[in-house]
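For the sequence shown, the residue numbers in the numbering used here are 22 to 280.
Take these hints with a grain of salt, some might be off.
Within a straight-line C-alpha distance of at most 25 Å, the following computed BS3-like cross-link-like pairs (lysine-lysine) qualify [said to hold, decoys possible]:
(1) 82 <-> 268
(2) 82 <-> 131
(3) 206 <-> 41
(4) 100 <-> 57
(5) 150 <-> 118
(6) 129 <-> 118
(7) 172 <-> 41
(8) 129 <-> 100
In case anyone wonders, no lab produced these hints; they're calculated from the structure.
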Amino acid sequence: MTIRIAVVGALGKMGQEVVKAVIADKNLELVCAIDKYNTGCNVHNDVTVESDIKAAFELHKPDVAIDFTQPDTIFENIKLYLNLGVKSVIGTTGLSKEQLNEIESLCKEKNTGCFIAPNFSTGAILMMKFAQMAAKYFNNAEILEFHHNQKKDAPSGTAIKTAELMAQVNSNFKTGNVDEVELIKGARGGNFDTANISIHAVRMPGFVASQEVIFGSMGQTLKIRHDSINRECYMGGVIMAVNYVAKNNNFMYGLENIL
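Could you put the whole structure together from the sequences, leaning on the hints where they help?
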């Protein structure tokens, strides 16, 4: 059965890649494209850009919405999708734990699926899993994440998810550190205080998305790093999530749960 897809944020950098991936997949059909810019612009065949999500969904009746938009609008977007009975795959980060809990409750109430992932790259998921494995053997670790300078939230959802996974197996990653004094506030990064992990966020032109987890102990360091060279690397994971959510009505957070 063909899955009818709406792409929200279709003209953004990620949105354009999603549109191409949907068009290329024989099991998916692009039925509408949503963006706040260039309304009426042709995207593919007879699909043109629309700006009103509710009106577009009621007209085109998509099965799944794929949304890579902005942190300041994503929460309201997801609630709208669920209230309209449209399943969704969400790649925008910046949602709080309270918001995620509310979304999960709404999924149950509406019996409609929603798949949220901080990162859709299989390599990045493996990097996070490897970091969790290493965390059992090291009591010192820090996370450095690098993104383009148009990313609004910091640290990244991937860095937070990595820290959460590491914290599941180790409760303190600053064992043996002296009491620190920051001469410039923030010099030691943000502290993921569940397990005392310093997270450093770099925002600079030239990066797509990269993350390095550094572990240390007496006489050795271990570095686990993943680099996204372009946005195509996320599309395999996005399609996996679409196929999953099309068949399931539950809330899911993290691509690692279906790998």
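Outcome of the hint check:
{"no.": "1", "hint": "82 <-> 268", "verdict": "holds (17 Å)"}
{"no.": "2", "hint": "82 <-> 131", "verdict": "holds (17 Å)"}
{"no.": "3", "hint": "206 <-> 41", "verdict": "violated (43 Å)"}
{"no.": "4", "hint": "100 <-> 57", "verdict": "holds (18 Å)"}
{"no.": "5", "hint": "150 <-> 118", "verdict": "holds (21 Å)"}
{"no.": "6", "hint": "129 <-> 118", "verdict": "holds (17 Å)"}
{"no.": "7", "hint": "172 <-> 41", "verdict": "holds (22 Å)"}
{"no.": "8", "hint": "129 <-> 100", "verdict": "holds (12 Å)"}
Checked against the numbered hints listed earlier, the structure breaks hint 3 alone; every other hint is satisfied.
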